[in-house]
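**Student:** Starting from the known structure of chain Z, arrange chains E and U on it as the hints suggest.
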Amino acid sequence: MSQFLAFTIIGLIAGSAYAVAASGLVLTYATSNVFNIAHGSVGMFMAFVYWELAVDRGLPPLLALVLVVGVLAPLFGLLIERFMMRKLTDAPVAVALVVTVALLVALIGAAQALWPPAGRKVDPYFNGRGLQVGDYFITAQQLITFGVAVAVAAALFVLLNRTRTGTAMRAVVDNRELLALHGARPNRLSGLSWAIGCSLAALAGVLLVPTLQLDYLNLTLLVIAAYAAAMVGRLKNLPRTFVGALVLGLLTSYAQWGVAYIPASVDQTLGGLVQGTRIALPTIFLLAVMLMLPQDKLRVGRVAGTKMPALPSWSRTLTWGAVFLAGVFVLTGSLSEADNSRFGQALCISLIMLSLVLLVGYGGDVSLCQMSFVGVGGLVVGGKLLPFVDAGITVWSIAWAFLATALLGVLVAVPALRLRGLYLGLATLAVASALDSMLFQTKFGFGAGGGSLTLERGSLLGLDLTGERAMAMSVAVAFVLMGFLVLGVRRSRYGRILLAARDSEAACATLGYNTRAVRVAVFAVSAGLAGVAGVFYTGMRVSISTADFMFFQSLPLLLFAVVGGVTTVTGVLLGGLAYGLMPVLLDQVPALAGVIYVLLLLAVLGLGGNPNGVAQLLFGWGNRLRAALPRQLDLARIEKGEVVGAS
Amino acid sequence: MALLELTEVGVRFGGVHAVTDATFEVEEGAVVGLMGPNGAGKTTLFNVITGLQEPTTGRVRFRDVDITEMAPRRRARMGIGRTFQRLEVFGSLTVGENVLVAAEMRGVSSPATVRDGLLDRVGLRGFQDVPADSVPTGIARLTELARALACDPQLLLLDEPSSGLSDDETEDFEKLVRSLADDDGRSVLLVEHDVELVMSLCSTIHVLDFGHIIATGPPEVIAADARVQDAYLGADTGASADLEDVPA
Amino acid sequence: MTETPALELIDVHAAYGRIEVLHGVDLTVPRGCVVALLGPNGAGKSTTLRVASGQMPPTSGHVHLSGHHLNGADPDRLARAGLCTIPEGRGVFPNLSVDENLRLFAYTAKVGEKDIRERTFAQFPRLQERRSQLAGRLSGGEQQMLAMARALATDPALLMLDELSMGLAPLIVEQLYELVAEIAATGVSVLVVEQFARRALAVAQYAVVMVGGRVTAVGEPADIESQLSEAYLGGAA
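Residue numbers (this note's numbering), protein chains in the order written: chain Z, 298 to 944; chain E, 11 to 258; chain U, 12 to 248.
Some hints could be false.
Taking lysine to any residue pairs in the SDA-like style, the calculated list, with each CA pair at most 20 Å apart, reads [unchecked claim]: (1) Z:533 x U:28; (2) Z:604 x E:138; (3) U:121 x Z:620; (4) Z:604 x U:28; (5) Z:604 x E:145.
Bear in mind the hints are in silico, worked out from the structure with no lab data behind them.
Next up, chain Z with everything else stripped away, as it sits in the complex (with noise of 0.2 Å):
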């Protein structure tokens, strides 16, 4: 009974700063309608801060936690706001949650740059006092915690529901200009409720430091349980997202004790998939929340569409194939082994990038775990996933790694898109982080706690592929072919029906299609391909292991394939070459590996969220040069490979 009690107090406590952290949440979102996926890595960052303030300056905690909760963190706040959220109040899901990725990627690289890599240890609160409970002990840090819970709650339920800046911060959401015909000015309200929103982020960061440590991705991951506590009030009620951090903080809390209660020898013969589900639990909890909601209705309202470049005819599809193919094979002969490795590997990662043309590009909705999706491709090819399937890149190998992440991705999004679209992008980020403690650190995937796996390349269809080279052209190949999928699928009905249902679910619906059905495929579809290309990511490293699939590894992903215009096969080829040569430029100047996620934050505040990236750029120019010279020159431009290709 007293163990019940003590597990119980510890499940408040952790709700408590899971509920401080959701509130802040659902307060930005509320009202300014942009979710902010980074609310977890402000909070991360704030709490780099303080340390930085109370343990490396040395102020006293109390001052160096005022200046922090009080003012970098509110400043910051109106600082988003002003120049990244408001923009997002009207802009399309994917866009809004594009911008928030790269925020949360950039602030995990502004600190690995300011703060690199150290044991770093911020002590708790009144360090080892507290109160006896019975057999249990409640430190002082805890106690604070809860207190600042209530106090947070009670706050802000006075600021919405008795003054007036608080209701007309509510009232920002329903009509933001009928609240200026009324006289008050909305942009300052959305401004203080980002400050608020930031200080609590950073107030659940620095409470939470003693437990979770200094890190860059654990205190990111907060924004995963604060979501799913905010999906029980559907992201906009308070006191349902209080409950719902609660609930979890419980869950968590009794997981615990009851996986305690649970054998090692137990947790051995599952592979830590016991672990693993316990470490899963606020995903577990979010996906079961989700299917619980009533469904959402059709909504009617078009989506202002991003208008897309143009389609390439077939014959300059297959022209640029062939184009590329021989570029890549000239290339590829005047490169080292080495180089051919490094090289193959970019490619890699443009082939995966592929797989979001046509989730991202076409289909308007995001994944933030499409290299969990690569990883799961990668297992089976290793033979360590299904059992039928023998290590090796073959066909046989190839067609698996397609359905098995096909399957898994139907699974993510089925629960998902009974909501809405935002919820999806939102749902694959802790399926990912999921996905890492449930398989990939159990022995279905890379081994308990984690691993690698190294393969046999072999030879495909008869080709030998041990070679670098080898290997590097038959991703060039997959690429031209996975490509032409791609271009062709978009060119079929199952593309015109991809952007009829982005464009306009309702018009969709009453012409007879079955838009969430439309959806789930091509989520699955964008899954299967990433799948394939981990056969081909896993043949070109050899070795494969845990780190390479965590979370965080599908941002920067998603990220440079929006820059690189993530709505053409030209454009993805382009941010999966930046990214895949990201670290050759990183060994000449390590000092860059945090300021590039920065760069990559502006990027993608430079081109406004236009998935359409740089590439629409080449085109543009492509076009005004072809419309320039003479024809003769132009063709001659092409044929020595100077300009990039169309799509």
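**Tutor:** What follows is chains E and U alone, placed relative to chain Z:
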């Protein structure tokens, strides 16, 4: 038996009665008009018929099947097509693809032929390869019409099809709707503000006012009806004072 | 008339994207007068009002509020300067309670929240009964009362009403227009945009008729009424 029957359909948004006790029928092959001032509940009724809005009360029957709770896509497959007042064209597709994607749903052997025929019929052949989000409103309306027709609907709901059309285009449009009923045998339910157009096209007109049907009949009767004049110009007489909206 | 008018629009053009919907609108609301802006659907009445309230920038032309040139001013600044705009389709926040809606009037009211509530409930006892209900749960008439309460509470210099009667029963509309007349009697200038012309004409001193983005007639209500049937129902009625 009428093709479409609405029985005492009511829709409430919070405490606002958007539609109250709407009861009417659309016969096979008839062109029926729905008139009424802004906010009278016409578009809401269209959403109820196509399944985008669940009614609070009442039933909807189509081809003698109760479709009140049927998913929109199933109603579409049963033969209900529509256009939208606030255009819902597929902006990332071309005008031709907008029609093609609908024809493909129907599963005909040659969707491209259907598309070509329909583009000719509505006079958009020249716009086939133009992206739908860059055409003027009038063209977009015709695109939606052709798209709806590509599903070969038995009942076609047109929501303010003539707004944004020039006088010449409206004249062509009138002929087109007439031929949809006379030549194809389709039923058309028309929401329209162009009174002249409604009067000349429709065999029966229902006039909605604050959610109630206040008059029903052929154009001559409607034109002479005092309540209709009141609905459009504001009641002078209190003729419909018994219809005070009841708080929730 | 030597006094500066409450509102003056001079040759205002406005467009949604590339489509121009106002082709040079001239409109004057003399101080202390009620002006009815009439016309069929799609005539550009609401757009004219949106331009005047700062919700939409004109592409050319001038807007003067009490003699001040105000092209490009934000709607919230205009509101604080004494312009009360009640937009089409009920100007209330459906997810806030009646009391909370009233609380937001305080941005422009010269009196405190308590006085706002007192004034409102004195005028509309029904709202007092429902003060803790969500505004979205009120009947259409009650919602419009709540919206109109802002005009009562804030003593604006100019009140602009868009489609006050939309979707409401005649009796309610009558009450609302009585209120408009009362507000006007306290010296507030009023511009009413209305489809149901007769109701608006009954309280107006001047009427302006718009068709197709242009002003086609200006005059006294009695002169205007005879032309209306033609403008609204075409030749059919």
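**Student:** Give a verdict on every hint.
**Tutor:** To see whether the hints hold, each was checked on the structure:
Of the pairs offered as hints, the one joining residue 533 of chain Z and residue 28 of chain U is violated, with about 33 Å between alpha carbons and a cut-off of 20 Å exceeded. Distance check on the hinted pair: residue 604 of chain Z and residue 138 of chain E sit about 17 Å apart at the alpha-carbon level, within 20 Å; holds. Pair hint residue 121 of chain U plus residue 620 of chain Z does not hold up; C-alpha atoms about 74 Å apart against a cutoff of 20 Å. The straight-line distance between the Cα atoms of residue 604 of chain Z and residue 28 of chain U is roughly 16 Å, inside the 20 Å bound, and the hint therefore holds.
As the CA atoms of residue 604 of chain Z and residue 145 of chain E are separated by approximately 13 Å, the hinted pair is consistent with the 20 Å bound.
In this structure, the hints that do not hold are numbers 1 and 3, in rising order.
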